[in-house]
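*Asks:* Here's the letter readout for the chains.
2 protein chains.
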Amino acid sequence: MNHPPTITDICEAAARIEPYIHRTPVLTCRAIDTLCGASLFFKCENFQKVGAFKIRGATNAVFSLSDQEAASGVATHSSGNHAAALAQAARWRGIRAHVVMPKNAPEVKKAAVAGYGANIRYCEPTLQAREDTLAEVQSETGAVFIPPFNDWRIIAGQGTAALELCHEIADLDSVIAPVGGGGLLSGTALTVSARSPNTQIIGGEPANADDACRSLKAGKIIPANNPTTIADGLLTSLGDLTFSVIRQHVADILTVSEEDIIQTMRLIWERMKIIVEPSSAVALAVVMAHPEKFAGRRVGVIFSGGNVNLASLPWKL
Amino acid sequence: MNHPPTITDICEAAARIEPYIHRTPVLTCRAIDTLCGASLFFKCENFQKVGAFKIRGATNAVFSLSDQEAASGVATHSSGNHAAALAQAARWRGIRAHVVMPKNAPEVKKAAVAGYGANIRYCEPTLQAREDTLAEVQSETGAVFIPPFNDWRIIAGQGTAALELCHEIADLDSVIAPVGGGGLLSGTALTVSARSPNTQIIGGEPANADDACRSLKAGKIIPANNPTTIADGLLTSLGDLTFSVIRQHVADILTVSEEDIIQTMRLIWERMKIIVEPSSAVALAVVMAHPEKFAGRRVGVIFSGGNVNLASLPWKL
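If you read the sequences in order, they're chains V and L. Residue 10 is where the first sequence starts when you use the numbering used here, and the numbers rise one by one after that. Residue 10 is where the second sequence starts when you use the numbering used here, and the numbers rise one by one after that.
Please note that the accuracy of each hint is not assured.
Chain copies aren't distinguished; within one or between two, either way the pair holds.
Claimed, not checked - Dumping the calculated DSS-like pairs for lysine-lysine here, alpha-carbon to alpha-carbon at most 25 Å:
| hint | residue 1 | residue 2 |
| --- | --- | --- |
| 1 | K226 | K302 |
| 2 | K119 | K325 |
| 3 | K325 | K226 |
| 4 | K325 | K118 |
| 5 | K226 | K118 |
These are calculated hints, taken from the structure and not from any lab test.
Take the sequences, apply the hints, and build the full model.
*Replies:* Here is the structure:
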């Protein structure tokens with residue numbers, strides 16, 4: 010696909026991945042509605058296969074390949090949910106997945122990716138080493154590179170979560186998705202702008218990694234500069250494809266503090282009795298931190314995932 | 010009500026409480042099914058109002074009172090979910106709830122019960138002080154005592170969770186509920202034995218608080234002797250009413266170690282991305298610890314609640 014996905018492309022992606030993924034629930038929580046003074050609808054991708062929305066894009070990309078393209082497998086560089094998702098999607102298709110990971114990646118992530126059956130190739134923890142190693146893997150195996158977010162097939166797949174949300178909940182005033190590389194936010198934006206044109210699309214970003222917010226204001230991509238945030242799914246900078254969609258369709262990107270993210274994550278665990286990862290909490294933290302923008306409104310909030318190391322929680326124990 | 014609830018009574022309880030409580034979901038988890046070699050159906054009372062099944066019995070009892078009985082309010086002694094549930098149910102009915110709590114109860118529990126609007130009366134942490142203080146409160150206020158479990162109205166209310174489970178999932182080979190005072194297990198037993206007579210009813214209990222297991226074997230109530238278990242909802246001994254039902258309808262009570270409870274609780278959090286309290290984990294831990302009894306079977310598992318102090322988790326951090 011060499012153009013931004015249309016709503017038809019996103020519907021086709023939804024049909025393509027439907028046999029494999031979960032249709033996740035949209036939950037509500039009266040206690041949190043009362044706290045926020047708004048009606049919130051939480052699209053729970055924390056319950057998704059592999060624990061995150063990433064399986065949507067990866068599965069769409071893997072099943073978009075022709076048999077000939079797929080025969081030599083797929084490859085990516087990632088130490089996070091995309092690598093696990095690509096490995097799972099490749100296993101469903103019956104092909105190999107090669108994953109380049111920095112050798113200092115946390116053991117728990119190495120184990121997760123290995124557990125989904127990927128062939129892992131370790132590299133030095135630099136961007137150059139990562140790209141060189143990926144090129145090596147591709148030339149050795151002929152595998153097709155599936156990028157983590159800056160790819161129309163991935164963006165179309167990520168847009169299917171909002172498709173389900175819009176199908177279930179009408180008349181949303183806003184939809185909020187967290188933004189790292191921008192795959193989820195740009196997919197959400199393409200879906201929502203087509204299906205519910207009066208709904209405002211908003212990105213949520215850690216203030217500590219606010220490159221997307223600054224990029225949107227500047228009108229050009231401003232890369233993140235070694236950000237540190239508890240929302241470790243949101244460290245990445247935008248790509249040219251995701252940025253082009255975000256510029257066109259996203260009304261605003263709002264930032265939240267680390268303290269806001271942690272408090273909101275704990276609130277979700279305590280009140281909703283569900284486990285979300287810090288990146289998910291960012292989307293609700295935006296509502297909590299900017300109550301005047303959402304008072305009395307119907308707001309869709311995309312919980313991106315639920316992969317948390319339970320042995321290391323960010324609040325005082 | 011001065012007889013064990015019939016299935017008609019339980020259906021009436023369900024209708025009585027339906028405007029107030031959640032119809033909780035029945036979830037499945039392929040990863041846990043694979044681990045257990047069984048098909049498990051989790052009735053998720055952790056998502057219930059007040060965070061536990063206790064709201065069912067309390068609401069049924071409060072709304073079973075005549076206007077005249079209700080006028081002077083309700084009273085109980087409890088430091089746990091029953092007190093919070095009774096306070097919430099009383100608030101729905103617009104009457105006072107008086108709760109006798111030991112003065113050394115954890116602050117988090119005091120705050121929860123106060124948060125639901127109860128009038129709290131503190132007492133010394135002995136059974137005698139608790140009973141004396143409750144008698145005082147009743148004579149001062151005329152409030153009706155609503156016991157935490159040994160009461161047919163409470164038992165009928167707790168049985169409505171299994172009613173929903175049986176309505177949604179047919180042909181269960183077994184249903185497992187945790188057992189403390191026996192309100193949930195006896196309500197479950199009355200419902201399941203009427204609605205699905207070929208389904209085996211099993212209790213799950215911490216080995217460290219195995220008084221119900223020993224009582225069932227002995228054919229008489231053997232009180233717990235200062236038990237200590239992480240499953241703090243299951244410390245209580247059976248009452249004569251709950252025991253009479255359990256004796257008649259429960260096939261077996263199986264026990265699990267503290268380590269089993271903790272590992273199972275963590276497994277549920279990690280794989281299902283939901284928060285359950287240790288007492289809930291007991292029911293699944295029974296399946297994990299006795300795989301030969303459940304292999305290939307369809308098993309209903311009642312998750313009793315999700316109230317956990319997130320600042321103090323039972324695994325290594």
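*Asks:* Can you tell me if K226 and K118 fall within 25 Å by alpha carbon in one copy, between copies, both or neither?
*Replies:* neither (34 Å within a copy, 47 Å between copies)
*Asks:* At 25 Å max between alpha carbons, let me know whether K226 reaches K302 within a copy, between copies, both or neither.
*Replies:* within (19 Å within a copy, 62 Å between copies)
*Asks:* When no copy is specified for K325 and K118, does a C-alpha distance of 25 Å or less occur within a copy, between copies, both, or neither?
*Replies:* Intra 24 Å, inter 19 Å, cutoff 25 Å: intra and inter.
*Asks:* Since the copies are identical, ignore which copy is meant and state whether K119 and K325 lie within 25 Å (CA to CA) inside a copy, between copies, both or neither.
*Replies:* Intra 27 Å, inter 20 Å, cutoff 25 Å: inter-copy only.
*Asks:* From the Cα coordinates, with 25 Å as the cut-off, is the pair K325 and K226 best called within, between, both, or neither?
*Replies:* Neither: 36 Å inside a chain and 44 Å across chains, both beyond 25 Å.
Consistency note: the structure conflicts with the earlier hints numbered 3, 5.
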